[in-house]
Amino acid sequence: MSDAPTISRRRVLNLGLAGAGAAAMAPTLASAQTPDPLIVERQEWTQYLGDGVNAKPYGVPSKFEKDVVRREVEWLTASRQSSVSFTPLHALDGVITPNGLCFVRHHGGEAEIDPDKHRFMINGMVDKPLVFTMEDIRRMPGRVNRVYFLECAANSGMEWRGSQLNGCQFTHGMIHNVVYTGVPLKAFLNEAGVSAKGKWVLAEGADASAMTRSIPLEKAMDDCLVAWAMNGEALRPEQGYPLRLVVPGWEGNMWIKWLRRVEVGDQPWAQREETSKYTDLLADGRSRQHTFLMDAKSVVTNPSPQSPLKSKGPNVLSGVAWSGRGAIKRVDVSLDGGKNWRTARIEGPTFPRAMARFYVDFDWNGQELMLQSRAMDDSGYVQPTKNELRKFRGTNSIYHNNGIQTWLVRPDGSAENVEVS
Amino acid sequence: MSKSAKAIAFLALAVACTGGAFAGERAGLGRPALPEELKAWDIDVRPDGQGLPDGKGSVSDGEALFQTKCSSCHGEFGEGAGRWPVLAGGKDSLTSDRPEKTIGSFWPYTSTVYDYIHRAMPFGDAQSLKPDEVYALTAYLMNLNDLVPGDFVLSRGNFPKDLPNEKNFYDDDRETTEKTFWNNDPCMSNCKDKVEVTGHAAILDVTPDDQKDNKDEKPAGAVE
Chain A
1 MSDAPTISRR RVLNLGLAGA GAAAMAPTLA SAQTPDPLIV ERQEWTQYLG
51 DGVNAKPYGV PSKFEKDVVR REVEWLTASR QSSVSFTPLH ALDGVITPNG
101 LCFVRHHGGE AEIDPDKHRF MINGMVDKPL VFTMEDIRRM PGRVNRVYFL
151 ECAANSGMEW RGSQLNGCQF THGMIHNVVY TGVPLKAFLN EAGVSAKGKW
201 VLAEGADASA MTRSIPLEKA MDDCLVAWAM NGEALRPEQG YPLRLVVPGW
251 EGNMWIKWLR RVEVGDQPWA QREETSKYTD LLADGRSRQH TFLMDAKSVV
301 TNPSPQSPLK SKGPNVLSGV AWSGRGAIKR VDVSLDGGKN WRTARIEGPT
351 FPRAMARFYV DFDWNGQELM LQSRAMDDSG YVQPTKNELR KFRGTNSIYH
401 NNGIQTWLVR PDGSAENVEV S
Chain B
1 MSKSAKAIAF LALAVACTGG AFAGERAGLG RPALPEELKA WDIDVRPDGQ
51 GLPDGKGSVS DGEALFQTKC SSCHGEFGEG AGRWPVLAGG KDSLTSDRPE
101 KTIGSFWPYT STVYDYIHRA MPFGDAQSLK PDEVYALTAY LMNLNDLVPG
151 DFVLSRGNFP KDLPNEKNFY DDDRETTEKT FWNNDPCMSN CKDKVEVTGH
201 AAILDVTPDD QKDNKDEKPA GAVE
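One line per chain: the protein sequences are A and B, in this order.
In terms of UniProt numbering, the first sequence has 311 at position 311, counting the first letter as 1, and numbering is strictly consecutive.
In terms of UniProt numbering, the second sequence has 147 at position 147, counting the first letter as 1, and numbering is strictly consecutive.
In case anyone wonders, no lab produced these hints; they're calculated from the structure.
It should be emphasised that the depicted structure is a prediction, and the values quoted were computed from it without experimental measurement.
Glycine included, each C-beta is placed from N, C-alpha and C at the ideal position.
There are no misleading hints in this set.
Label pairs and their computed distance ranges (CB to CB):
(1) B:Asp97 / A:Thr77: 15 to 23 angstroms
(2) B:Trp84 / A:Thr46: 54 to 62 angstroms
(3) B:Asp209 / A:Glu44: 31 to 39 angstroms
The task is simple: from the sequences and hints, build the whole structure.
Quick look at the structure:
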């Protein structure tokens, strides 16, 4: 081929994959026989004026990005008001999730609350139960900005028994990662004065599910936030406008939306969402409770079933990793189903309990790949395989599936969610 | 105001800012919650019975209420209509291949039944039930799960704490039982002899497609 020198130069970058001896194909657009009309002919966007600056007072993505949306899996739940939609991870990059694409989990639909009518109460084992307006909350000293991932406890839950849904949006898309603006919950608890006997708090939402969760006081006083903004603007209604709880590193269910009350007590409340739900049934019939923390996890977002490989030659493997135990320290990637691993390049900011972005630049010669990623956090935890998790938990625990994902990439570039031995 | 008076006022404000919250003291924001307000919102009930209001309800009253307000979703006997939650049955199923996790087979505490019905049911008309009605519905659900006889009347005085499965819950022990997952030196090369594909999502074919007619087999949202 005419561009053989280019190929051999790329061999320097080659990952040394099995089958690397097979001839690599010419990359796309390496040469042209006829002039490209997109270049030699004047295009309409060059000739005519576009919209003025007032056309979109609140901007929206290009119409060519219309497929980058949250999606649902209708058969998962009985009602859309107690259901979930999924973040299109396969179509995103970097580490910050755009507000309009952050996955949504409701238990009583999306409450629509006038912020002037919202109240936030602190009560229970405190010196002085208090009521705050949103105006009061914004006047509280000690405002902070923090980046955290929020992962649903049930993310990847449909995959416990085996490969089921074909795309990382569906297998891993119950997660988002944004900058929150708010005030530490501790400030509100101090304002009311927590009794020395206080050991737990109960957080409660104002929506039609009146969602409640028990949280150890130690966590409440450590890094929980009462937040009213995400990515620089007010919370979206579906994310709890005007106020939500931020519980860094812990399962998404605890991040109470439309937060209206925090009660202090001396024992957990055993509410529905911490007994019937968000408890993890193991093979012996017993169940773990209070499995708050989300363990280290990762997924290759590109290529993946919704984002196939299109060209041989240079390609960029990309993915995200996160851990509720701290910061992502390392991500390893395998292209042969876990036989051999190499360490990926983490690019961009990596905060504790936030999403990290990783890349592996590689040459693809059309061979079949079995892609995996393996996250390690700064506690030394290494993301396990699904089979390793099943050894400890069986297949009925629903929540906390952080097992390694495998994508089978075929010679035509298409990718599929598979299980491997 | 004279210049010096302004300076003193400004200084006082500065002192108030630095001496307040930053020293861990109270900012003085918010106002005391009134007893009526606490009563309206603090409706949670704990396993030890804290939070239960006065009242009572019988299994038979609960059955009548259940048929009116609940059975369209949960079935006449709590068996669940369509895809809606099953509330009764599933005894001894927790180690089976397909566990049925109901109030009787799985839930640890009776208090949660009362609290959740009062808090969030009926779905679409939450917090519409009076204490006696919630007691009656809780009694009926206990009866459907073979926990109390048909003539039982539930009240704060005889409210039971534990349900049959309570003893089978324990606190998160991942750091002990799964400590093998902490490993500073995971295998990097020749980690397995062979790798075989053991399961395919595409064969199951339950992922939403872009087109309803199923002609387009690409998963929804695929990058074109």
